[in-house]
Each structure stands twice: as C-alpha cells, then as structure tokens.
Amino acid sequence: GDSVTQMEGPVTLSEEAFLTINCTYTATGYPSLFWYVQYPGEGLQLLLKATKADDKGSNKGFEATYRKETTSFHLEKGSVQVSDSAVYFCALSPLLIIQGAQKLVFGQGTRLTINP
Amino acid sequence: NAGVTQTPKFRVLKTGQSMTLLCAQDMNHEYMYWYRQDPGMGLRLIHYSVGEGTTAKGEVPDGYNVSRLKKQNFLLGLESAAPSQTSVYFCASSLSAKHTGNTIYFGEGSWLTVV
Numbered sequence: 369g370d371s372v373t374q375m376e377g378p379v380t381l382s383e384e385a386f387l388t389i390n391c392t393y394t395a396t397g398y399p400s401l402f403w404y405v406q407y408p409g410e411g412l413q414l415l416l417k418a419t420k421a422d423d424k425g426s427n428k429g430f431e432a433t434y435r436k437e438t439t440s441f442h443l444e445k446g447s448v449q450v451s452d453s454a455v456y457f458c459a460l461s462p463l464l465i466i467q468g469a470q471k472l473v474f475g476q477g478t479r480l481t482i483n484p
Numbered sequence: 007n008a009g010v011t012q013t014p015k016f017r018v019l020k021t022g023q024s025m026t027l028l029c030a031q032d033m034n035h036e037y038m039y040w041y042r043q044d045p046g047m048g049l050r051l052i053h054y055s056v057g058e059g060t061t062a063k064g065e066v067p068d069g070y071n072v073s074r075l076k077k078q079n080f081l082l083g084l085e086s087a088a089p090s091q092t093s094v095y096f097c098a099s100s101l102s103a104k105h106t107g108n109t110i111y112f113g114e115g116s117w118l119t120v121v
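The listed protein sequences derive, respectively, from chains V and Z.
The first sequence runs contiguously to residue 484 in the working numbering.
The second sequence runs contiguously to residue 121 in the working numbering.
These are calculated hints, taken from the structure and not from any lab test.
Even for Gly, the Cβ is constructed at its ideal location relative to N, Cα and C.
Just to be clear, a hint being listed does not mean it is correct.
[Unchecked claim] On the chain Z side, residues computed to face chain V include the following (Cβ under 10 Å):
hint, residue
1, V10
2, Y37
3, Y70
4, C97
5, T109
Start from the sequences, fold in the hints, and give me the full structure.
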C-alpha cells in the first residue's frame, strides 16, 4: 500500500543553519505530495505542496521538489529561525480516490528544534 | 477566520465512559475527516464523510462511530472508551476531492486521555 517515510528526529539546529528533512514515498502512479507543519499546541497547517513530478512547492522560505525518479519530496530551508521550531509531516494523497474522498497518508513526523 | 473548530480541546475519561467530539467547519466544505495522532505514527484516518448524511470507515475505525447530520458538522463518538484511545484527535475538511492536490484544512486538535 501507499506509505511515507520521513527521516527520524528529533532534529536540533542552530539559528541560520541549513535544514533538510528527508521524505520518501511509495505509491501507485503519481500522487500529490504535501508538507504540513504543527507548531506547539496547534493543529496542522499546510506548508507547501506539489501535484506533479518536478513541481517545486515553496512557502515561508521552505522548498520541496517532487522527484519521481527517487520518489522523494525533501524539505529544505536555507536559513532557519527559532520560530521554525515545530513538527513537520510529509504526506501524500493517493492517485486513486475512493468514493470521492481524498485521504492523506502521513509520515511519522519530524520534530525540529532551532536554538538561538 | 474560524475554519475548522473542534470541541472540546482537552478531556479525561474513565475506561468505559462515552463521549462525543464535535467538529464544525464554516467553509462550506463537502468532505470531512477524523484522524488520530499517536507518537511516532503520524496521523491515521478513523472515519470520513463525503457529504451530509454519509460516512465511511478509514484506516482505524474500530471503537468509534461518526455522524454527519449537517453539512458543517462531523461528530466522532466513543461509546466505551479504552486506554488505547488515548490520543490527539484532528478533524479536517476539504472542498472537493476531484483531484489529489486539494488542500485539506485541519482543526487545532482534541487531546483525549482515557484512564
């Protein structure tokens, strides 16, 4: 079945460091790919998405490119801030929509802490 | 800017008690979902609804029931709570499911502890 694997956390970086959180997936065809972020005590917010191969999603300085050949959607940011401390979830939306409902498949999440 | 609202935010239950989590969305979304979040496991789909009056099972439906009597509301019920249902519950909604790139909007979560 469809699945998402994220790099294990927690990840701790210093402010202004470069960030990469790895995400690979297994799915039939070409699913849509998402990164969601969960700040402490809050719900999930969509950070960025890509709906087809070679698309790059970007938001708030974060980027991720849909790589079909490596089935990956790694999250990157050039210079992280303390406010980026959160849990990051990679997710996919399977190509096959059953009964018209779009159901996300999530990775296990990566906790990121940025120290000043 | 209400979006997706869940109540209650926190609840402690005793084993065997029942309760209902309420989800309300004000975006006129057709599709609604209930997920649970457990440490190291990401989010897993419990039940979902493709429209008013319809519900369907997700990945982990056992021990839960749902109802969608009104388009804007999606209720998640625990008839006889068990410690294994201690989790954070997230409601979500989306406008359409005609293609896989639709954004799904999440509520802020409900923390449930069963003792």
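Checked hints:
1. V10: holds, 8 Å
2. Y37: With a minimum Cβ separation of about 6 Å from chain V (threshold 10 Å), the hint on Y37 (chain Z) holds.
3. Y70: violated, 16 Å
4. C97: holds, 9 Å
5. T109: holds, 5 Å
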